[in-house]
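2 protein chains.
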Amino acid sequence: MTPAAERILARDPRALARAATWIENRHPEAEALLKELFPYTGRALVIGVTGPPGAGKSTLCDQFACKIRAEGKTVAIVAVDPSSPFSGGAILGDRVRMLRHHADPGVFIRSLATRGWLGGLARAAAEVTMLMDAAGFDVALVETVGAGQDEIDIARLAGVTLVALAPGMGDDIQAIKAGMMEIADVFIINKSDLPGAAKLERELKASVGLAHRPDGWAPKIVGTIASQGEGISEALAAAREYSQRGADPSRQAGIWSARLREMLRDRLLDRIPPEEFTGLGREVAERRRDPYSIVHDLLAKY
Amino acid sequence: MTPAAERILARDPRALARAATWIENRHPEAEALLKELFPYTGRALVIGVTGPPGAGKSTLCDQFACKIRAEGKTVAIVAVDPSSPFSGGAILGDRVRMLRHHADPGVFIRSLATRGWLGGLARAAAEVTMLMDAAGFDVALVETVGAGQDEIDIARLAGVTLVALAPGMGDDIQAIKAGMMEIADVFIINKSDLPGAAKLERELKASVGLAHRPDGWAPKIVGTIASQGEGISEALAAAREYSQRGADPSRQAGIWSARLREMLRDRLLDRIPPEEFTGLGREVAERRRDPYSIVHDLLAKY
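For the record, the sequence lines run as chains A and B.
Residue numbering for the first sequence follows this note's numbering, beginning at 11 and increasing consecutively.
Residue numbering for the second sequence follows this note's numbering, beginning at 11 and increasing consecutively.
Any given hint might turn out to be false.
The list cannot tell twin chains apart, which means a pair is met if one copy fits it or any two copies do.
Stated by the list, open to error - In silico EDC-like cross-links for lysine to aspartate or glutamate, where the CA-CA straight-line distance does not exceed 16 Å:
1) 209 - 285
2) 45 - 300
3) 45 - 293
4) 311 - 114
5) 311 - 148
6) 230 - 114
7) 77 - 46
8) 209 - 276
9) 77 - 293
10) 83 - 39
11) 45 - 307
12) 230 - 213
13) 83 - 276
14) 77 - 280
15) 45 - 16
16) 83 - 225
17) 83 - 114
18) 215 - 22
19) 45 - 286
20) 209 - 251
21) 230 - 293
22) 311 - 296
23) 45 - 81
By construction, these hints were calculated from the structure, which means they are not laboratory data.
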């Protein structure tokens with residue numbers, strides 16, 4: 011075993027931080043390390059927390075972490091942040107949350123920023139979660155901001171997916187709920203003391219009643235007031251109830267099948283030098299060549 | 011020229027609808043058609059409209075369409091919807107909006123749903139927009155729901171990107187604004203009669219003042235009340251002002267360079283039968299093999 015892998019298994023915070031950076035930056039060391047750590051994965055309870063902006067996901071995750079720590083268990087939070095497509099930098103920091111937990115080696119928090127095109131964030135989130143799993147954290151919370159396809163992909167990687175909603179979130183809430191209806195194992199109605207909570211619960215109950223999931227699970231609906239710590243135990247209990255039914259083997263196999271495709275696609279493309287595309291992009295932008303012929307020629311070449 | 015392409019150039023609504031379905035489903039006819047139509051693209055003003063849920067993007071697009079029609083110009087709306095990752099079906103329909111414009115051949119509306127993993131939605135949105143461009147619509151509005159990476163990718167495909175916000179959208183709004191700060195050519199403060207509009211405008215002005223874009227453009231900030239048609243002309247004028255500065259050739263070349271990579275990646279993967287991945291996914295889920303070794307072997311094989 012390499013020293014880097016040993017330090018991960020020992021949950022060394024600096025080694026974890028460095029490995030997460032390797033993963034984010036697609037550093038060559040990352041793959042060798044993850045390959046070495048893979049046999050140690052599959053033990054953590056991975057809880058995905060997603061939902062629209064304003065639902066209070068960060069506060070929920072913070073409260074889950076406190077609760078898990080109070081049980082004497084360890085927890086990692088992988089927070090997926092929006093970022094600037096120009097600069098590639100993370101916007102939200104871990105700083106605020108770090109302050110609360112910084113002296114506690116039983117909590118590890120890592121934010122991931124969007125990197126470029128093509129699902130790179132879902133890959134990085136999955137790999138950093140594997141890292142935390144291998145490191146022996148009892149629970150990994152994977153928190154995503156927003157409700158796009160990326161977030162849905164990330165939520166699907168979790169063993170159990172919590173969708174957080176809050177009352178009175180505007181016109182598009184119907185669409186969001188619908189888009190997330192079938193990935194939610196547990197619905198959290200956060201800020202459940204606000205007007206509209208009962209209405210939201212009724213709507214969710216009606217939707218849950220109509221859904222027929224292949225695994226036969228009827229998603230639980232739990233009310234919380236995360237800012238006051240209310241309902242946190244119940245939400246965590248619902249997540250555990252789902253996960254303790256035993257992992258759905260076809261779900262796991264499906265997730266890995268999709269991830270293998272993604273990994274292979276990345277590797278295939280790595281073989282073509284990026285400079286090749288720069289000049290070709292200009293030719294298409296100037297309408298000198300059509301993109302379909304170019305791709306045809308590249309396929310013949312590589 | 012094939013009859014299908016001729017009918018697209020003649021803006022035949024049925025031919026457009028069928029071609030969009032081909033694109034969504036990755037039907038083999040789609041590529042040949044797009045290749046044939048490519049020389050006719052690059053003339054439409056493509057306006058991306060994005061922003062968080064609840065900002066009123068649909069209403070804004072609807073009002074833009076009315077305004078553009080009132081000028082005697084034609085308009086296509088490509089609406090990117092969230093969808094169920096299990097069923098793959100669209101959630102929001104075009105139905106409500108279709109009712110308003112259904113008798114008008116100068117408006118074409120198409121919703122696209124999320125299809126599986128790996129940026130398929132951004133590809134479909136780009137190709138349907140090309141189709142509308144080739145068909146000779148003066149303006150193509152590309153509307154995305156949500157604020158994930160997919161939406162940002164889609165927004166980047168546009169010649170000009172509008173980011174719609176509304177006052178009082180909760181805690182995560184700072185993050186959303188930051189993530190979208192550098193893709194926004196124009197900020198729309200919709201529902202600008204609501205409390206908090208002035209504060210949002212101040213915050214945006216401060217952020218815009220700090221940003222240094224490579225193209226030297228200072229994003230405009232326009233207030234609208236889309237539900238009452240207020241500010242629509244001003245928002246459209248701001249979009250046109252940006253686009254009339256002349257397309258940034260490096261932006262266009264960069265977009266095409268990224269799209270070529272994506273297209274090539276798709277084609278490379280098409281060569282591997284999907285069944286190959288199903289069994290391998292199971293092996294990884296059961297920890298019988300690690301994914302990195304599998305990808306290594308697949309690369310050697312193909």
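Between copies, within a copy, both or neither: which fits residue 83 and residue 225 at Cα up to 16 Å? For residue 83 and residue 225, the Cα distance exceeds 16 Å both inside one copy (29 Å) and across copies (51 Å).
Residue 83 and residue 276: within-copy, between-copy, both or neither at 16 Å Cα: neither (36 Å within a copy, 42 Å between copies)
Given identical chains, is residue 230 near residue 293, meaning Cα to Cα at most 16 Å, within a copy, between copies, both, or neither? neither (53 Å within a copy, 31 Å between copies)
Are the CA atoms of residue 209 and residue 251 at most 16 Å apart within a copy, between copies, both, or neither? neither (26 Å within a copy, 44 Å between copies)
Checking residue 209 and residue 285: alpha-carbon separation at most 16 Å within a copy, between copies, both or neither? Close neither inside one copy (55 Å) nor across copies (44 Å); limit 16 Å.
How do residue 77 and residue 280 come out at 16 Å by Cα distance, when the copy is not named: within, between, both, or neither? Classified as neither; 43 Å inside a copy, 46 Å across copies.
Status of residue 213 relative to residue 230 across identical chains (alpha carbons, at most 16 Å): Within. Shortest intra-copy distance 13 Å satisfies the 16 Å Cα cut-off; inter-copy 39 Å does not.
Intra- versus inter-subunit Cα pairing at 16 Å for residue 45 with residue 16: within (13 Å within a copy, 53 Å between copies)
For the identical chains here, do residue 45 and residue 81 meet the 16 Å Cα criterion within one copy, between copies, both, or neither? neither (31 Å within a copy, 60 Å between copies)
Homo-oligomer pair classification [residue 300, residue 45; C-alpha up to 16 Å]: Close across copies (7 Å), not inside one copy (40 Å); limit 16 Å.
16 Å Cα cut-off: does residue 230 pair with residue 114 within a copy, between copies, both or neither? So residue 230 and residue 114 fail the 16 Å test inside a copy (32 Å) and across (45 Å) alike.
Between copies, within a copy, both or neither: which fits residue 83 and residue 114 at Cα up to 16 Å? within (12 Å within a copy, 62 Å between copies)
In the structure shown, a violation is registered for the earlier hints numbered 1, 4, 5, 6, 7, 8, 9, 10, 13, 14, 16, 18, 19, 20, 21, 22 and 23, in ascending order.
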